[in-house]
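K.L.:
Sequence:
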Amino acid sequence: MCGWLKSLTCVLATRNKFNHYLKRKAIMIEPIRTFLETPRVAYLSSIDLRGYPHTVPVWFAVDGDDLIFSTAKSRTRVKHVLVNSKGAVTIGGNMGDPEGYLIQGDFKIDEDPTKALRNKVITRYISGEALEQFLTRMAHEERLIIRLTPTKVIRVR
18 MCGWLKSLTC VLATRNKFNH YLKRKAIMIE PIRTFLETPR VAYLSSIDLR GYPHTVPVWF
78 AVDGDDLIFS TAKSRTRVKH VLVNSKGAVT IGGNMGDPEG YLIQGDFKID EDPTKALRNK
138 VITRYISGEA LEQFLTRMAH EERLIIRLTP TKVIRVR
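Position 80 of the sequence shown, counting from 1, maps to 97 under the working numbering, and the rest follow consecutively.
In case anyone wonders, no lab produced these hints; they're calculated from the structure.
Treat each hint with caution, since some may be false.
[To be verified] As a list, the in silico DSSO-like pairs of lysine-lysine whose alpha-carbon atoms are at most 30 Å apart:
no. : residue 1 : residue 2
1   : 103       : 125
2   : 90        : 125
3   : 96        : 137
4   : 132       : 103
5   : 137       : 103
6   : 90        : 169
7   : 169       : 103
8   : 132       : 169
9   : 169       : 137
10  : 103       : 90
Just so it is clear, the structure is predicted and the values come from calculations on it, not from any experiment.
Use the sequences and the hints to build the structure in full.
P.N.:
Okay, here's the thing in structure tokens:
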């Protein structure tokens, strides 16, 4: 076998050997969970229809090992996730917040008929009368949950 062909065969065999590892779900270890307890703005990046990142600021909550985001069904990000489930979220790591994480993974759209997940996200950021006014303004919107199952977590500074 030629040298370059043997090298290519080794690379492909190694890549296939680690495919299972690469598809594993990332585990949210305690320091990351502690960081995520603070209600910061996250930057959700989906892939648009032309293959470019589409990044928007969003509120989030932690649900098990997943991150969840409440969004109107009509938002562009929903269309992107339905076409390409790959994406990422960046939280922190900016001025005034030197610690942060880039969380890559697979997005999924969930229905939220009881609005429990929507409320879990929103009540992290607002409460009291402001919460009631906010929920009243959103009452007419059909909302969904975007769920990110992490496959890789990278600390950013």
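K.L.:
Are the hints correct? Go through all of them and say.
P.N.:
Cross-check of the supplied hints:
1. The hinted pair formed by residue 103 and residue 125 meets the criterion: a straight-line CA distance of about 9 Å does not exceed 30 Å.
2. Proximity of residue 90 to residue 125 is assessed by CA-CA distance (about 13 Å); at most 30 Å being required, the pair is judged to hold.
3. With a CA separation close to 23 Å, the supplied pair residue 96 and residue 137 stays within the 30 Å bound.
4. Straight-line distance between C-alpha atoms of residue 132 and residue 103 comes to about 25 Å, which keeps the hinted pair within the 30 Å bound.
5. The suggested pairing of residue 137 with residue 103 holds, with an alpha-carbon distance near 24 Å, which does not exceed 30 Å.
6. Distance hint between residue 90 and residue 169 is fulfilled; the C-alpha atoms sit about 27 Å from each other, no more than 30 Å.
7. The straight-line distance between the Cα atoms of residue 169 and residue 103 is roughly 12 Å, inside the 30 Å bound, and the hint therefore holds.
8. Using a Cα cut-off of 30 Å, the hinted pair residue 132 and residue 169 holds, with the two alpha carbons roughly 28 Å apart.
9. Using a Cα cut-off of 30 Å, the hinted pair residue 169 and residue 137 holds, with the two alpha carbons roughly 24 Å apart.
10. Restraint check for residue 103 and residue 90: the C-alpha separation of about 19 Å stays at or below 30 Å, so the hint holds.
The structure fails none of the hints (numbered hints given earlier).
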